Amino acid sequence: DATQGTSGDCRPCPCPAGATCAVVPKTQEVVCTNCPTGTTGKRCELCDDGFFGDPLGQGGPVRTCRACKCSDNIDANAVGNCNRETGECLKCIYNTAGFFCDRCKEGFYGNALATNPADKCKPCSCSPFGTVGRQTSCSQVTGQCQCLPNVSERDCSACQPGFFNLHSGNGCERCNCNPIGSTN
Amino acid sequence: TRPDVHPLPPGTHLLFSQSGRIEHIPLEGYDMNKDSAKAVLHLPEKVIIGVAYDCVDKMVYWTEITSPSISKAKIHGGEPVAVIRSDLQSPEGIAIDHLGRNMFWTDSGKDHIEVASLDGSKRRVIVDSDLVNPRAIIADPPNGNLYWSDWNREAPKIETSYMDGSNRRVLVKDDLGLPNALTYDSQSSLLCWADAGTHTIECMHPGRGDRRKIMDGIQYPFGVTSFGKNIYYTDWRRDAVVAVDRHAGRESDEFQPQKRTKLYGIVTAYAQCPSGQNYCSVN
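If you read the protein sequences in the order shown, they are chains A and B.
If you read the first sequence in the working numbering, its first letter stands for residue 33, the second for the next number, and so on.
If you read the second sequence in the working numbering, its first letter stands for residue 3, the second for the next number, and so on.
Source of the hints: derived by calculation from the structure; they are not laboratory data.
Check each hint, because a few of them may be wrong.
What the hints assert, rightly or not - With a straight-line cut-off of 30 angstroms between C-alpha atoms, the simulated DSS-like cross-links for lysine-lysine are:
1. B/Lys112 - A/Lys123
2. B/Lys261 - A/Lys74
3. A/Lys123 - B/Lys175
4. A/Lys58 - B/Lys40
5. A/Lys101 - B/Lys261
6. A/Lys101 - B/Lys264
7. A/Lys58 - B/Lys261
8. B/Lys112 - A/Lys154
9. A/Lys101 - B/Lys159
10. B/Lys112 - A/Lys137
11. B/Lys60 - B/Lys36
12. B/Lys112 - A/Lys101
13. A/Lys137 - B/Lys159
14. B/Lys40 - B/Lys159
15. B/Lys261 - A/Lys123
16. B/Lys175 - A/Lys154
From a predicted model like this one, the values you see are computed outputs, not experimental measurements.
Please work from the sequences and hints to get the whole structure.
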């Protein structure tokens, strides 16, 4: 307030070098109005959308703003791809998930970090009849669904040799064929 | 008043968002009065994406993605008021039906389109299938139509429906890349879009389907709006608002704000509401 007539009337902006500031009349809060490139926020403490960091070092050491780091599993045309402070990825694509879009999302398996999108994450497609509790998720790495007793295959879609009746929903039953009258 | 924000003087303006700011550029005729461009709103902690204008109450509406919400404020100076604060993931495009007093928005996280009254009540999902990356949304209240774009890289499209989501049809699906931006000019009945994948601006009469290219070789459009013979779009590469003469098919001007960062939505704030009435608003 330059009208008070004291030497402390005008104080420097609490903003990084070069930024201007203004006082919000209602709250007397000071906000920076011209933050350095790549930064924003009341004190220029935030990164622009699509970037993350801690440019003023408010929560520890200074981390300059960097582009979202999401394992090439985000789309540059999207907005809000990562949390501006933590960098947590918020818009993973190609059926990926995780802090850095570095694993497959529930119900998918494979290598989220593969270069070719087609090689990344494939659906588990667990057979509902052969899978414990009709689960839709599988092992992230192998894609193995959790099979009921005597059920085989990655997707629990077949009975083990010598067993039948996958559709019972309780696993497969032993064939109990008479060894004398059976061909194998 | 606050020295960093300025109430809007009378006249027609462009309103656009740049990170935590909504800025305005007064229009003189079709020319941007760049020297008078100023911030209307400064919300330094927010990332504002879509902007829409209600010509009746002279209010600007916007979507925000850091604490996903939809808010509004008087353009002649006023505090922001949140109207939708829950059950949003990534609200992007927003459109106002100034006759029916409703707003429409796309949510690219929930992959649907919603409607609510301008005060946030009577909220309802109107489109919830076959959407991958819905972005721009435009209302044509006198004719009761909605238009929206989906930049799904596998199958980008521009669609239309009535304002309750019924009679949904695909208008354009061929030769699209990333149709980020849509605008409808009620005077000429032209629907125009800017595409960041094909780098073109194209227009068509939605009823006739006579599609034509206005301009190519543009860089990276995000938002677009029209006023008379001009189209104005925001560009992510140039960090600028670019004016294009629709008839001449060439760029006529550019406004680059001092701050170099992405520009998002843009809308024309008309001095007066365009003429026309909607049957639903009458009875």
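Evaluated hints:
Distance restraint check for B/Lys112 and A/Lys123: the Cα-Cα separation of roughly 12 angstroms lies within the 30 angstroms cut-off, and the hinted pair is therefore satisfied. Taking the CA atoms of B/Lys261 and A/Lys74, the gap is near 15 angstroms; set against the 30 angstroms cutoff, the hint holds. Restraint check for A/Lys123 and B/Lys175: the C-alpha separation of about 24 angstroms stays at or below 30 angstroms, so the hint holds. This hinted pair checks out: A/Lys58 and B/Lys40 have alpha carbons roughly 20 angstroms apart, not beyond 30 angstroms.
For a cut-off of 30 angstroms, the pair hint linking A/Lys101 to B/Lys261 stands: about 24 angstroms separates their Cα positions. A hinted pair counts as satisfied when its Cα atoms are at most 30 angstroms apart, and A/Lys101 with B/Lys264 qualifies at roughly 19 angstroms. With a CA separation close to 26 angstroms, the supplied pair A/Lys58 and B/Lys261 stays within the 30 angstroms bound. Between B/Lys112 and A/Lys154 the CA atoms are separated by roughly 22 angstroms; this keeps the pair inside 30 angstroms, and the hint holds.
Our distance criterion of 30 angstroms between C-alpha atoms is met by A/Lys101 and B/Lys159, whose separation comes to about 29 angstroms. A hinted pair counts as satisfied when its Cα atoms are at most 30 angstroms apart, and B/Lys112 with A/Lys137 qualifies at roughly 17 angstroms. For the given pair, B/Lys60 sits about 22 angstroms from B/Lys36 by alpha-carbon distance, which is consistent with the 30 angstroms threshold. A distance of roughly 23 angstroms separates the Cα atoms of B/Lys112 and A/Lys101; the hinted pair therefore holds under the 30 angstroms criterion.
Between A/Lys137 and B/Lys159 the CA atoms are separated by roughly 27 angstroms; this keeps the pair inside 30 angstroms, and the hint holds. For the suggested pair B/Lys40 and B/Lys159, the alpha carbons sit about 35 angstroms apart, so the restraint of at most 30 angstroms is broken. Taken as a hint, the B/Lys261 and A/Lys123 pair is honoured in the structure, with Cα atoms around 26 angstroms apart against an allowance of 30 angstroms. Between B/Lys175 and A/Lys154 the CA atoms are separated by roughly 27 angstroms; this keeps the pair inside 30 angstroms, and the hint holds.
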